[in-house]
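Respectively, the protein sequence lines represent chains A and B. If you're matching positions, the first sequence starts at 0 in numbering that gives the first Met the number 0 and goes up one per residue. If you're matching positions, the second sequence starts at 0 in numbering that gives the first Met the number 0 and goes up one per residue.
Don't read these hints as lab results, they were simulated from the structure. Warning: the hint list may mix true and false statements.
Footprint (simulated), chain A over chain B, 3 or more residues, beta carbon under 8 Å [stated by the list, open to error]: (1) 54-67; (2) 93-106; (3) 112-126.
Taking lysine-lysine and the DSSO-like style, the derived pairs with C-alpha atoms no more than 30 Å apart in a straight line are [said to hold, decoys possible]: (4) B:25 / B:242; (5) A:221 / B:192; (6) B:192 / B:87; (7) B:128 / B:67; (8) B:87 / B:121; (9) A:221 / B:67; (10) B:87 / B:25; (11) B:121 / A:221; (12) A:26 / A:8; (13) B:33 / B:87; (14) B:121 / B:67; (15) B:87 / A:221.
Predicted model, so just to flag it, every value in this text is computed and none were measured. For each residue, glycine too, the CB sits at the ideal point set by N, CA and C.
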Amino acid sequence: MRIEQDVLKILLAALLLMAAIPWTAGKLSSDIFFEWPFFFEVAIGGLLAGVMYSLVALGFVLIFKASGVFNFSQGAMVLFSALTLVGLNELGVPIWLAIVFTLAIMVVLAVVIERVVLRPLVNQEHIILFMATIGITYFLDGFGQTLWGSEVKLLDLGIPNSPGLYFGGQILINDFDLVAALIAGILVISLAFFFQYTRIGRALRAVADDHQAALSIGIPLKHIWVIVWAVAGIVALVAGIMWGSKLGVQFSLALIALKALPVLILGGFTSVPGAIIGGLIIGAGEKLAEVFIAPMIGGGIEDWFAYMLALAFLVFRPQGLFGEKIIERV
Amino acid sequence: MADNDKAFLTINNIEVIYDHVILVLKGVSLEVPKGGIVALLGANGAGKSTTLKAISNLLGAERGDVTKGSIEYKGEQVHNLNPADLVKRGIVQVMEGRHCFEHLSIEENLLTGAYTRSDGRKAISDDMKLVYDYFPRLYERRSSQAGYTSGGEQQMCAIGRALMARPDMILLDEPSMGLAPQLVEEIFEIVRKLNQNEGVSILLAEQNTNIALRYSDYGYIMENGRVVMEGNAGELGENEDVKEFYLGISTEGRKSFRDVKHYRRRKRWLT
């Protein structure tokens, strides 16, 4: 209970701060244009962009939760899945079939990674597994581009991509962002359900807690790893589709993984809801800071604001908002 | 040992090497009869846990390897099977230091124990009731996170979780570790009941020689990766060497602390 209360307080504080800073800034400085509808427009745009960060962060959380490995290659998986999808589509496969094929390919990729990389390294230090995932990153980046070419490609799923006016024509929101948020929401709810109530989900959490004990009661770690990597691959594909349709499918997709880092630190490396809330806070904070605070200090804080926020969190709440507390019995 | 009835688990002269260099078990042989409780006794580092892990094949996860000898269970060679297959065949290990899943509730812990089973929800929930019957304390704490329960409750949770796999044989590693004497007694009582009512055979590794001998039928004493002595639990308890070195009683009665350091007796099994 106490943890929930803490989190609520932090969320409230974050919201108040987000509203108070631009408002006072608007009062004090004539450089800044402040009006409530405009504020909400920026905030909502930020929140929806945050959902997109969450999608990437989710993949990290899944693998970290189940194996304690920080999977550096999540960004590369996003790029690889998007490239494969577009590539297949360009070969003439209809887009829906291409999605199914790409899903299958991501599952096969999970099996291969487990076989070739994880299995030989079982029981090594986490840092060694982490470095192995850096290797996977470069391989996937290169392999994907060798296979499908490195020019920027368009991915069009027919999701409406025009701004619409909402709330009585006061606030401008991009329809695409709304769809993305909806998809992310569905994904998160089903993942949360999967982890909490299914046999495999329970086994995944058990493995995350204690490898050895999980082995001792007959949970086969190899299968579990294939499952999490496959799920992370599927999440990567969803992220790849959303980001790819927004920015075009290109190498920079692999770099959005870096934006997921502060999201993870904020939300906690082990929490699915944490990845979502973390993404929302980073997304909204970033945009609000850029529009309302940046002009006062000369602009351009969108790029590093998230990392600053993450740093503050590392100092005061290292396990993140929803991360699993390290249980210590006294 | 038991020549009348066919041995359930037989270990023949196994050697275990860690990290390709460290020889930990130097030829250990032992037998567990069906429905028996067998104790594996010895000090720290004698090789008790390693023996258990060699059977359950958890050694692989610690870079250990059985290099010689054989392990036979229900008349079948099992030494190359992975832990999951062994659990399916009915051997479950309860690890030393309990190893509950801290962030899962007690009930979820028990449910993970049934991971390898495929006999349906009904059978599993029946077994859960059974476990709660044996450990009423677990029922009270069923929705608390295991990490926040007491040491005794965690030990019960670990044993209960193993039971959920419907084992024929439990490898119980040091159940008394870090528990109050009264609680140790309580847990051993339950283990005995499980053995009698459910017919589960038990191989028990324990440092607490006194209690282990009271609750088991047969015992092996290990030192330095070898079995140095074996016998019926009662006989072992009467043996002068065991009394002196493991039970802390000697023929001369209580000793003054001044004398404790120079043993009058020499271990007869050392040459």
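Quick rundown of the hints versus the structure:
1. 54-67: holds (count 5)
2. 93-106: holds (count 8)
3. 112-126: holds (count 3)
4. B:25 / B:242: It holds: about 25 Å lies between the C-alpha atoms, which stays within 30 Å.
5. A:221 / B:192: It is violated: about 36 Å lies between the C-alpha atoms, which goes past 30 Å.
6. B:192 / B:87: holds (23 Å)
7. B:128 / B:67: Violated: residue 128 of chain B and residue 67 of chain B sit about 42 Å apart, past 30 Å.
8. B:87 / B:121: holds (18 Å)
9. A:221 / B:67: It holds: about 26 Å lies between the C-alpha atoms, which stays within 30 Å.
10. B:87 / B:25: Cα-Cα ~29 Å, so holds.
11. B:121 / A:221: Distance ~28 Å between residue 121 of chain B and residue 221 of chain A Cα, so the pair holds.
12. A:26 / A:8: holds (26 Å)
13. B:33 / B:87: Measuring from Cα to Cα gives roughly 18 Å; hence the hint holds.
14. B:121 / B:67: Violated: residue 121 of chain B and residue 67 of chain B sit about 43 Å apart, past 30 Å.
15. B:87 / A:221: holds (16 Å)
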